[in-house]
Amino acid sequence: MIELRELTKRYKDRTAVDGVTVTVPAGVVTALLGPNGAGKSTAMRIVLGLDRPTSGTALIGGRRYAELRKPLRLVGAHLDAGAFHPRRTGRSGLLAQARYNGLPRSRVEAVIDAVGLGAVAGKRAGTYSLGMAQRLGIAGAMLGDPGTVILDEPVNGLDADGVRWVRGLLRRWAGEGRTVLISSHLMSEVALIADRVVVLGQGRLLADATTADFTAGQEVAVEVAAADRESFRLLAAALGGHGERVGADRLRVRGLDAATVGRRAQQAGAVLRELRADAPGLEEAYVRLVEGEAEFAAVAA
Amino acid sequence: MRNALSAEWGKTWSLRSPWFCVLAAVLLTAGTASTLANDFVHDIGQGRLPRSETLAVLEPLVPAMQLGQLALVALAMLVVTAEYGTGVIRSTFLALPQRRAVLVAKTTVAAVVGFGAGLGSAAAGWAVVAAQLGGHGRPGAPIPACLRLAVVAMLACVFTVAVGFLLRSAAGTLTTMFVLLVGLQVLAPRIGEYLPAGAAVAFAAGDGVRHLLVLAAWTAAAQLAAGLLLVRRDA
Chain H
1 MIELRELTKR YKDRTAVDGV TVTVPAGVVT ALLGPNGAGK STAMRIVLGL
51 DRPTSGTALI GGRRYAELRK PLRLVGAHLD AGAFHPRRTG RSGLLAQARY
101 NGLPRSRVEA VIDAVGLGAV AGKRAGTYSL GMAQRLGIAG AMLGDPGTVI
151 LDEPVNGLDA DGVRWVRGLL RRWAGEGRTV LISSHLMSEV ALIADRVVVL
201 GQGRLLADAT TADFTAGQEV AVEVAAADRE SFRLLAAALG GHGERVGADR
251 LRVRGLDAAT VGRRAQQAGA VLRELRADAP GLEEAYVRLV EGEAEFAAVA
301 A
Chain R
302 MRNALSAEWG KTWSLRSPWF CVLAAVLLTA GTASTLANDF VHDIGQGRLP
352 RSETLAVLEP LVPAMQLGQL ALVALAMLVV TAEYGTGVIR STFLALPQRR
402 AVLVAKTTVA AVVGFGAGLG SAAAGWAVVA AQLGGHGRPG APIPACLRLA
452 VVAMLACVFT VAVGFLLRSA AGTLTTMFVL LVGLQVLAPR IGEYLPAGAA
502 VAFAAGDGVR HLLVLAAWTA AAQLAAGLLL VRRDA
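Here the protein sequences line up with chains H and R, keeping their order. Numbering-wise (this note's numbering), the first sequence opens with residue 1 and increments by one. Numbering-wise (this note's numbering), the second sequence opens with residue 302 and increments by one.
Among the clues, some could well be false.
Sample of chain H residues facing chain R (criterion: CB under 10 Å; computed from the structure) [claimed, not checked]:
no., residue
1, ASP51
2, LYS70
3, HIS85
4, GLY93
5, TYR100
6, GLY102
7, GLU153
No lab work stands behind these hints: they were computed from the structure. In this text, a Cβ means the ideal position worked out from N, Cα and C, and glycines have one as well.
Given the sequences, and given the hints that come with them, work out the whole structure.
In C-alpha cells form, the structure reads like this:
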C-alpha cells in the first residue's frame, strides 16, 4: 500500500504537486493519470525518496522510502529508460543493483530471462532499442521480487507484443496481491490495464476512483442528425438548450438520453436520419476532467 | 556497507574508462618523469651542468606525479559524474536510499584505486627516473617517497568524489580539481602552502606531515559539504 498525505512539492516558480492525499491499495493495478506536467513523475519520485516533498508525507507500507533497508526487496521501480549506464552491459547494470541489496547473481539471470533479454544481456545498454531498454528497466524493478511495483510510463516505446506482455505482467502482479502503480498520459492504454485511476492536473488530485466508477458518472453523449433543413429547425427548437450545433444538420445533445431525443423529435414532427448514443468512455471522462487543467492549454488558432 | 562496496567496485570496473585512466596515470607519470630526468642528463652531456652534478630521484617525480594523478582524478570523477550525467544516480539511490552510504562507498572505492594506482604510478616513475639518471641520481628513500605520493593521489581522489557530488557535472569537477591541485601553485608559497596544490606538493617532496594535514583538512571539508548537501537535494 502506498499512501500520500497532503503531499506538496513546490519549486521556485511553480507547484508540481499540490496537497495530494491518496491511497494506492494492494492487489489491484492503479494508474496515475494526467497530461504532461501534471505532477505524476514528481509524485513518484517523492514516493521513491528521490525528491524531498515541500510538505506532507509519502509512505510505502507505512514507511518512508529513505528509511528502507535493502529497498529493492520491498519496492521495485522503473522511472525512465535512462536508468542504466549506456556503456555498461545490461547484465552488469542489473548485477550492480542486485549487489547493493545483497541479492544473488541467480536473481539477475532470472529477471533477464523473465523479460526476454537473454540474447542481448551481454551487450551494452546503450545499443538497446527503446523497447529493450524498457524491458531492462522492468527487469530491474523485478530484481528483489518486491511487494510494491512502481513503473513510470511502462509501455512507452514497446511494440504491440510488448504492450500485451506488460499488461499481463501487471495483472499477474496485482493478482498475487502486490501493490502496482503505473503512470501514463495515455487514457486508452490505461483503460485496458488499470483497476483504479488517480487523475492529477496541475499537481492537484482531480479523481481517485475505480476505473468503473470513473466512467459510470459520465453522462452519455447523444448525437442526432436531421433529414432535411426544416426537420433540423424543428429539432433544434424541440431540444432547446440541450442541443449544440456541430454540423450543417447535426446536433450534439447533453443532458437528455437518446429515447427522450427521439420522442421530442417525433412530437415536433422532425424527420431524423441518424440518432446515436456514444458509450461513456474513460477517454471522454478523462478529457473532460483535465480540460482547462492542462498546463499548456492549446490556443485556438 | 559490504554490499554497497561490492556494487560500487563492480560498477567501476565494468566500464572501460577506469582502466584507461589507470593506464594513463602510470604512463603520464613515467613519461613526464622520464622527460624531466632526461633534460637533466642532457644538460650534463652538453656541459651546461658540471659532471659531478646529481639530482634527487624525487625531484622530477613530484611534478610528474602531479600530472599523472590527474588521470586518477578523472577516474574518481567518473565514479560520480557519469551517474549524474546518465541518470544512473537515481537507480543507485533507489537501491541505497541512505545517500551518505553511497558517498562513503564511492569515496572508499576512489580511495583504494587512488592509493593503489598512485603507488603503481609513483613506483614506475621512480624506476624510470633512477634508471635514466644512473650515477647522477641521488636515490634517497624510495619506499616512503612513493607511499607519500600514493597518499596524495588517494586524497586527491577522495577530494574529487566530494566535488563531483557537489557540482554533479564532469566539466565543472575536472576544472575545479585542476585548479585546486595544479593551478593554485602559481600563488606565493606563503599562501600556497595552505591550499591543496601547495600542500600536496610540499608533503610529497618530504617537507613534513603538517602539509598532509592541510590537504586532509581541505578534503574533509569538501566531503562534509557533499554529505550535508547530498541528503537535502533532489536526485
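**Request:** For the hint on HIS85 of chain H, just tell me whether its beta-carbon gets within less than 10 Å of chain R.
**Result:** 5 Å, holds
**Hinted contact LYS70 of chain H with chain R - closest CB pair below 10 Å** = 8 Å, holds
**Message:** GLY102 of chain H was flagged as interface toward chain R. Is the shortest Cβ-Cβ separation under 10 Å?
**Reply:** 5 Å, holds
**Hinted contact ASP51 of chain H with chain R - closest CB pair below 10 Å** = The hint holds - ASP51 of chain H has a Cβ within 10 Å of chain R, the shortest such distance being about 4 Å.
**Item:** chain R contact restraint on GLY93 of chain H - CB to CB distance below 10 Å
**Value:** Holds - the Cβ of GLY93 of chain H comes within 10 Å of chain R, reaching about 8 Å at its closest.
**Prompt:** Hint check: is the beta carbon of TYR100 of chain H less than 10 Å from a beta carbon of chain R?
**Reply:** 4 Å, holds
**Satisfaction of the GLU153 of chain H interface hint, Cβ to chain R closer than 10 Å** = Violated: closest Cβ of chain R sits about 15 Å from GLU153 of chain H, beyond 10 Å.
In this structure, the one hint that does not hold is number 7.
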